[in-house]
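Add chain B to chain A, keeping to what the hints say.
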Amino acid sequence: MMQRVLVVDDEPQIRRALRVGLTGHGYEVTLAASGEEALDQAATSAPDIVILDLMLPTVSGLEVCRELRSWSKVPIIVLSAKDQERDKVEALDLGADDYLTKPFGMDELLARIRAALRRGDSDVPEPVLVSGDLRLDQTRRLVTLRGDEVRLTPTEYELLRYLMANAGKVITHRTLLRAVWGPGYEEGGQTLRVFVAQLRRKIETDPSRPVFLRTESGVGYRFRLDPS
Amino acid sequence: MLGVGLTTALIAWLRSQAPVPNAEMLYILAVLSLAALFGRGAAVMAAVLAFLASNFFFTVPLYTFHVADPREWLALGVLLLTAIVTGQLAASLRDRARLAEAREREVTALYELATQAEVLRQADQVKTALLSSVSHDLRTPLASIKAAVTTLMDDRAVLDPPARRELLTAVNEETDRLTRFVARLLELSRVEGGAVEPRRAWHALDDVLSDVAERLDPGRTKIVLERAQVLPLVFVDYVMVDQILVNLVENALKYAPPDSVVDIMASVSDGMVTIDVADRGPGVPVVERERIFERFYRSAPQRAVLSGAGIGLAIARGLARALGGDVTYAPRGGGGSVFRLALPTPVEQATVACS
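Sequence order for the protein chains is A and B.
Anchor point for the first sequence: position 18 equals 18 in the working numbering, and the numbering is continuous, going up by one each time.
For the working numbering, add 1000 to where a residue sits in the second sequence, where the first one is 1.
Bear in mind the hints are in silico, worked out from the structure with no lab data behind them.
We put the CB at the ideal spot given by N, CA and C, even for glycine.
Treat the hints with care, since some could be wrong.
Claimed, not checked - Chain B is nowhere near these chain A residues, computed Cβ spacing over 10 Å in every case:
id, residue
1, Thr155
2, Gly182
3, Thr215
Said to hold, decoys possible - Derived list of chain B stretches under chain A, where covered just means 3 residues or more per stretch with a C-beta under 8 Å from a C-beta of chain A:
id, stretch
4, 1138-1152
5, 1156-1163
Next up, chain A with everything else stripped away, as it sits in the complex:
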C-alpha cells in the first residue's frame, strides 16, 4: 500500500518540490498551504506522516502540532528555519517526532520519513529493545553489550530504556527529564548531562564520540535506531 505524506508549507515552491520529489519515491502526497487546511487534511485523508513547516500564517505550525497531537499519533517532522530554535524545541516537546532545518536535501528528508514510519509500525511495547550490539531486556531489567552484562543504576536504566524505546526520535531535554525523573524536574539540564555522560561511559566504546546516544545540539538527544 502506498504510504501517504501530508506536506504542510505556505511556500508554493516548496510544496511543489516536495510533491514531485516524494511522489518520485513512491509516496502519495497531499498538500496543505495553511494550518487550517493541514488540520482538515489530517482528519480527512488520514496521512501516515506529516511534514509540517513551523512558519505558517494565522494558525502556526506549533498550534497545528498541538492540535494534531490531541487526537492523533501520526509521526510529525517539523521544518524550521535556523532562527526558530525555540519553536523547534517547543514543537518536539509538543510531540513532534523529528525536525529538519531549511534548506535540506531530499535524501535527508526521505531518511527521516523512513525512520519515523518504521517507528510508527512498531507501536506495540517490545519486551526486548535492541540497537546493534546493545540489548535491553525489559522483563529481566537486563542490559547487555556484545553479550556482556552492563551494570546500571536504576536511573541510568530508566534513561536508557526510555531512549531505546524511542530510538530514532529526537527527545528534548524537557521530555527526557519529565519521563525519567517525573513532572517538576524539567529544568534539571545539568543533572541530565551528568547521567548521560555516565551512561555513555558504560555503553559507548568512545564516550567522546558516541555512536548510540547522540547529542542533538541545543535540543536534546537521539538514540540510534538502525543497528549497522
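Same frame as chain A, but now just chain B:
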C-alpha cells in the same frame, strides 16, 4: 552653641515677664531640633551646654556653676539625661530618613539603568527581527531549490519528463526570486548609504507614468491625470522617479484584490508634483502606517502570505527623500490605500500643450 544661647535668652526673657516654673524644659526643645538638624554629636553637645547654661543662669546661686539646693542637681540631671535621650532619638530618626533617601536614590539610579538596558534591548530586538526577516527571505527560495535539485540528482527517484520539468521550473523561478531580492537589497543599501546622485532633466510627467503602468500591468493600472489636455513638464531624475513609482505600484498590485484596478493620479501645483498610487486593498492599520516604510517590515498577516522582502516602500521613500520630496500614506475613501509621492520641481506647462 547659638541654639543654646538663644534658648537661654528666651528663658531669661520669659522669667523676666512672669515666674515660669521649669522654663529650663525649653532647652529640651532646642536639643531636639538641633539633633534633628545636625545629628547625634550636636545633640549631645547641646545637652551638655544646656545643662551648664541652666546651672549658670537659672539655678541659685545665679551666675556660678555652684548649686546650693541639692534638689536642683536632680532637676539639672534630669534635664541633661532627657536632652541626651531625646537628642539621640531625634538623631537616629534623622539617620533613618537619610538612609531612606539614599535607598531611594539607589533605586532611581537602578531604574534608570534598567530603562537604558530596555532601550538597548529593544534596539537589539529590531535588529534581530530585521535579520530573521532577511534570512527567511533568502532561505525560503534556497530551500525550494535544494529540495528540487536533490530530487533531480537522486537516481532512485522515479521522475517522468513533466515532473523533471516542474522541478527545473521551480529552481529557475526561485533563482530569479533570489536574484531580485539580492538586487533590491543592494538598491536599498545604495539608497540608505546616500550614494544616489539625482540627475535631473525635463520630462513629460505622463510619459513617466505610462511607462511604469505599461511595464507592470497595463490591464490593472489606470492613469488619471487631473488636467488631461495639459502635459506638464517636470524637472526630475527620470530613473529615480520611475523606480519610486514601480515600487509603489508593485506594492499596490500585490496587496489589492487580483481583479481590482490601481489608480495613478497626478497633479501639479506651486512647484510640487504629486502622484498618488491608490488601491482597493485592505488598507493599513493606524499603528502600522509609519512602520510600513521601515526596511523589511511587512504587516503581520501579509508577512507569511505574500512573498516579497518588505523593501519596496523603504526604497521608494529613500529615493523620494534623496530628491527632496517624500512618500506618505493615507487611507483611501471607500477603502484601500493611497501612497503619495510629493516632489518639489519647477514646472513647465506652456511648451508642450497638445503635443
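Consistency of the hints with the structure:
1. Separation of A:Thr155 from chain B is adequate, the least Cβ-Cβ distance of about 39 Å exceeding the 10 Å criterion.
2. Interface exclusion of A:Gly182 from chain B stands, the closest Cβ pair being 36 Å apart, more than 10 Å.
3. Non-interface call for A:Thr215 relative to chain B: holds, since the shortest CB-CB distance, roughly 24 Å, exceeds 10 Å.
4. Here's how the stretch 1138-1152 of chain B fares: 12 of its residues keep a CB closer than 8 Å to some CB of chain A, so the rule of at least three is met and the hint holds.
5. Restraint check on the stretch 1156-1163 of chain B versus chain A: 5 residues with Cβ-Cβ distances below 8 Å, three needed, restraint holds.
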